[in-house]
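Assemble the whole structure, with the sequences as input and the hints as a guide.
2 protein chains.
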Amino acid sequence: MSAPGDAGFLDRARQLLGADQLLTGDGLEAYELDWRKRYAGRALAVARPGTPAEVAALVRLCAEHRVSLVPQGGNTGLVGGGVPDGSGRQLLLSLRRLRQVRQVDRDNLTLCAEAGCLLAEVQAAAGAAGLLFPLSLGAEGSCTIGGNLATNAGGTQVLRYGNARELCLGLEVVTPQGEVWHGLCGLRKDNTGYDLRDLFIGSEGTLGVITAATLKLFPAPRATMTALAACPTLDAALALLGRARAGAGATLTGFELISRACLRLVQRHFPQIPQPLPDDAGAPWAVLLELSDHEDEAHARLLLERLLGDALEAGEAVDAAVAQSLAQAQQLWHLRESIPLAQSEEGLNIKHDIALPISAIPAFVKDCEAALQAHCPGVRLVCFGHLGDGNLHFNVQAPEGQDPAAFLREQEPAINALVYDRVLQRGGSISAEHGIGQLKREQLADSKDPVALRLMQTLKQALDPLGLMNPGRLLRRP
Amino acid sequence: MSAPGDAGFLDRARQLLGADQLLTGDGLEAYELDWRKRYAGRALAVARPGTPAEVAALVRLCAEHRVSLVPQGGNTGLVGGGVPDGSGRQLLLSLRRLRQVRQVDRDNLTLCAEAGCLLAEVQAAAGAAGLLFPLSLGAEGSCTIGGNLATNAGGTQVLRYGNARELCLGLEVVTPQGEVWHGLCGLRKDNTGYDLRDLFIGSEGTLGVITAATLKLFPAPRATMTALAACPTLDAALALLGRARAGAGATLTGFELISRACLRLVQRHFPQIPQPLPDDAGAPWAVLLELSDHEDEAHARLLLERLLGDALEAGEAVDAAVAQSLAQAQQLWHLRESIPLAQSEEGLNIKHDIALPISAIPAFVKDCEAALQAHCPGVRLVCFGHLGDGNLHFNVQAPEGQDPAAFLREQEPAINALVYDRVLQRGGSISAEHGIGQLKREQLADSKDPVALRLMQTLKQALDPLGLMNPGRLLRRP
Chain F
1 MSAPGDAGFL
11 DRARQLLGAD
21 QLLTGDGLEA
31 YELDWRKRYA
41 GRALAVARPG
51 TPAEVAALVR
61 LCAEHRVSLV
71 PQGGNTGLVG
81 GGVPDGSGRQ
91 LLLSLRRLRQ
101 VRQVDRDNLT
111 LCAEAGCLLA
121 EVQAAAGAAG
131 LLFPLSLGAE
141 GSCTIGGNLA
151 TNAGGTQVLR
161 YGNARELCLG
171 LEVVTPQGEV
181 WHGLCGLRKD
191 NTGYDLRDLF
201 IGSEGTLGVI
211 TAATLKLFPA
221 PRATMTALAA
231 CPTLDAALAL
241 LGRARAGAGA
251 TLTGFELISR
261 ACLRLVQRHF
271 PQIPQPLPDD
281 AGAPWAVLLE
291 LSDHEDEAHA
301 RLLLERLLGD
311 ALEAGEAVDA
321 AVAQSLAQAQ
331 QLWHLRESIP
341 LAQSEEGLNI
351 KHDIALPISA
361 IPAFVKDCEA
371 ALQAHCPGVR
381 LVCFGHLGDG
391 NLHFNVQAPE
401 GQDPAAFLRE
411 QEPAINALVY
421 DRVLQRGGSI
431 SAEHGIGQLK
441 REQLADSKDP
451 VALRLMQTLK
461 QALDPLGLMN
471 PGRLLRRP
Chain R
1 MSAPGDAGFL
11 DRARQLLGAD
21 QLLTGDGLEA
31 YELDWRKRYA
41 GRALAVARPG
51 TPAEVAALVR
61 LCAEHRVSLV
71 PQGGNTGLVG
81 GGVPDGSGRQ
91 LLLSLRRLRQ
101 VRQVDRDNLT
111 LCAEAGCLLA
121 EVQAAAGAAG
131 LLFPLSLGAE
141 GSCTIGGNLA
151 TNAGGTQVLR
161 YGNARELCLG
171 LEVVTPQGEV
181 WHGLCGLRKD
191 NTGYDLRDLF
201 IGSEGTLGVI
211 TAATLKLFPA
221 PRATMTALAA
231 CPTLDAALAL
241 LGRARAGAGA
251 TLTGFELISR
261 ACLRLVQRHF
271 PQIPQPLPDD
281 AGAPWAVLLE
291 LSDHEDEAHA
301 RLLLERLLGD
311 ALEAGEAVDA
321 AVAQSLAQAQ
331 QLWHLRESIP
341 LAQSEEGLNI
351 KHDIALPISA
361 IPAFVKDCEA
371 ALQAHCPGVR
381 LVCFGHLGDG
391 NLHFNVQAPE
401 GQDPAAFLRE
411 QEPAINALVY
421 DRVLQRGGSI
431 SAEHGIGQLK
441 REQLADSKDP
451 VALRLMQTLK
461 QALDPLGLMN
471 PGRLLRRP
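Keeping their order, the protein sequence lines are chains F and R.
If you count by this note's numbering, then the first sequence holds residues 1 to 478, one letter each, in order.
If you count by this note's numbering, then the second sequence holds residues 1 to 478, one letter each, in order.
Because the hints were derived from the structure by calculation, they are not lab data.
All values reported here derive from a predicted model rather than from experimental measurement.
Ideal Cβ positions, reconstructed from N, Cα and C, are used throughout, including at glycine.
Any given hint could be a false lead.
Derived DEER-like restraints, expressed as beta-carbon distance ranges [unchecked claim]:
{"no.": "1", "chain 1": "F", "residue 1": "A417", "chain 2": "R", "residue 2": "A223", "range": "47 to 55 Å"}
{"no.": "2", "chain 1": "F", "residue 1": "D20", "chain 2": "R", "residue 2": "R102", "range": "58 to 66 Å"}
{"no.": "3", "chain 1": "R", "residue 1": "Q103", "chain 2": "F", "residue 2": "D446", "range": "25 to 33 Å"}
{"no.": "4", "chain 1": "R", "residue 1": "P278", "chain 2": "F", "residue 2": "V318", "range": "54 to 62 Å"}
{"no.": "5", "chain 1": "R", "residue 1": "Q457", "chain 2": "F", "residue 2": "R102", "range": "27 to 35 Å"}
{"no.": "6", "chain 1": "F", "residue 1": "H65", "chain 2": "R", "residue 2": "G242", "range": "48 to 56 Å"}
{"no.": "7", "chain 1": "F", "residue 1": "V318", "chain 2": "R", "residue 2": "G130", "range": "21 to 29 Å"}
{"no.": "8", "chain 1": "F", "residue 1": "R102", "chain 2": "R", "residue 2": "P413", "range": "34 to 42 Å"}
{"no.": "9", "chain 1": "F", "residue 1": "H65", "chain 2": "R", "residue 2": "P413", "range": "53 to 61 Å"}
{"no.": "10", "chain 1": "R", "residue 1": "G141", "chain 2": "F", "residue 2": "H65", "range": "54 to 62 Å"}
{"no.": "11", "chain 1": "F", "residue 1": "H334", "chain 2": "R", "residue 2": "A53", "range": "30 to 38 Å"}
{"no.": "12", "chain 1": "F", "residue 1": "A124", "chain 2": "R", "residue 2": "Q457", "range": "36 to 44 Å"}
{"no.": "13", "chain 1": "F", "residue 1": "L302", "chain 2": "R", "residue 2": "G242", "range": "21 to 29 Å"}
Here you go:
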């Protein structure tokens, strides 16, 4: 559905990339429909450049023809940030062909990868050198490192290693003017001017296109030890977190919170998954702890058993199970990772990816749950997440027996307001790790500090004065 | 030496702050002369606001009167970034009265401090809560946390904990328009828009004024163990670094490189400082290792002794001394920290605070040393620094018996060019931790990637269109 003026643009883009790499017409749903199937867009064309120079030339062509563009990696985003709008006038810029791991530097503990490398490929390249790239998340087999950086992805190891931003040392970026910033610095220390890197990371393609990155690697730990502990209260879970941090330091690489309601949901839909903690202990919370040790398995086991023993004695835990094998450890993680799937089996629900100061979590959960029950008696809270990072997946499910679709339709705005108001009151974030995209753009505009919002708009206007880089994502169109 | 139009400005500033807190006239050297005594400026006045609101009002007043301002913390910077120029028309904005530690949140592991708090005060406030704020550097008794953040300070624990940027979660900033951005977020995860925090950190007061920060704290380690090892080559020192990282993980908190020439210089000027490694081992390099352990001293000692034993066996070290007491550990650090003082005793020299990919360091040092000797036979290299971060203090001293002042005067430009060219060829940085200020502004303009430089100028122009925030520092005046 292209306008007449687009023909010249498409011809030139085809010339630039070769006809094979400029896709038009039907059958482009893999690029146009987002992973959660909430946003079905329509692209002018899908461009698949093969080099950073082709990306730059394409961006210059877009600027010349005033065609806006939407960068896309693995199309696994959860907020509609990487799919075109419905106008049929936006160019979908797929980075998937930029797929080279350019360098692994073992002594410098760095790896340079192009934007279209899958996260799992980056992990594998590090592993092949006997090293660890610790970014890890559910979509790692299909998301790209470029997308991870554009959205500052989180995942399960943030507690120890930080978000994608903390794992990146340098970037190669095509600016909205189609210039290439060669910033693939592999340095731990570089105080030569403003931090451009962190400005592009997390900007969701609205300030430029990341084409490659230099990433931090780490020595691989020699042993990993996992346990599940039952906690009588959220305060007890927090005390256990403090104890684990003090006693294990950076050896603590995972501390995941799981409510008993989550465990029951998994039990209901996936009864074959072993549940090592009986449901009769009266503990409404469980935590999954992981230690990653640089000595050996015996040392890690001793450390974990001592920690849990002390926690049991202090009443911070009432029961605990330490995985006795790699298989058992994987089962515990599988249990944790099956929660979203079990929730899907239960039907549609209202999801919140929130962060809070860790100290504020017990009061927040108590207050918010009471308010939800008052608002909608019988509503079910499915609360789990990365307690060590203050990041909760705070999902709300229809009361038992009610139609989930109707619940979502009727209750989403009110329940979002109820939850987000309480998050913001306590200095929290309405998007901990998923970003803003289209889904939370209006909520951001309504809730962000007004000075911060003006600063962001100023930056957008200064760097992308034509407004062609992923417009309407993250920030409202001006 | 104020111009007639300044009188109205000074009257209003006096009204705003009270006469006591607006200093004019003579006797202001403590604010006008930089710590290294390289830049002697002259301020229109020294303003000492007592609250962030006063800072904001002052910035608005400056904007109205087109008075440029220079923010200053402890005035310990090494690149002339915090002192006024010689015009007598710039307002020196001292942040030293913003001195409150606003909050310590033990469960969230955060501390909120105002910009004028001394780094040592922040460390002490964390320590009083049984926690650690790990930023640590020579000037900690007189530098401020605001200055540390404005310059993205480094120090001795970067290997484990990162630079100032990595230790900060949120900021309160007065913008060039005199608005207050309330960004004192204490969250580990917050993907709600562009990373404004990291844009202000390291911007050296050219984009706004940091008035407070929320900082990351860590559980204090339970034992620290320190050793000095003699290495036969730089490659061997690198191999030892790799071994220590793989075997100790994040327990490794220090890995400092010291050349034998540095040790001899300390021996010459401070013969009372014990030197545990004899000078006859034929090893031209030493490294200072530090482990910080969350278990206990026995565990740390075992780990360190095992590491060093394996390194000796592998030939990565030829001798090693483990500190047997806290006093001995402090002596080892004292030895390391006496190098700059010993060098001062030896006379003026040409300093370089550089960073390189760690893997490039052996070849860089060899090549650069040969080129220096060819350029100026007998020249003495004083090379030490944070090997684990790729950060070298690569200082060049006159040949024995030559006049140091004449050497500095005659050789500085040529030797800077010789060193920096080789740093840049290998993807290094001309300022690892000290920043740019006035000292390296021209070098930055000449050597930075041109696209990066344009992006920085665009950001400066967008955020500070009147050009009143610390003009001529970091970037050239337009």
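To see whether the hints hold, each was checked on the structure:
1. A417(F) x A223(R): 47 to 55 Å: holds, 50 Å
2. D20(F) x R102(R): 58 to 66 Å: holds, 60 Å
3. Q103(R) x D446(F): 25 to 33 Å: Once the Cβ atoms are compared, 27 Å apart, the range 25 to 33 Å for D446(F) and Q103(R) holds.
4. P278(R) x V318(F): 54 to 62 Å: holds, 58 Å
5. Q457(R) x R102(F): 27 to 35 Å: At roughly 29 Å between Cβ atoms, R102(F) and Q457(R) fall inside 27 to 35 Å, so the hint holds.
6. H65(F) x G242(R): 48 to 56 Å: For H65(F) and G242(R) the Cβ distance comes to about 51 Å; the hint holds.
7. V318(F) x G130(R): 21 to 29 Å: Given about 26 Å between the Cβ atoms, the range holds.
8. R102(F) x P413(R): 34 to 42 Å: holds, 36 Å
9. H65(F) x P413(R): 53 to 61 Å: violated, 48 Å
10. G141(R) x H65(F): 54 to 62 Å: holds, 60 Å
11. H334(F) x A53(R): 30 to 38 Å: violated, 53 Å
12. A124(F) x Q457(R): 36 to 44 Å: This hint holds: roughly 40 Å between Cβ atoms.
13. L302(F) x G242(R): 21 to 29 Å: Given about 26 Å between the Cβ atoms, the range holds.
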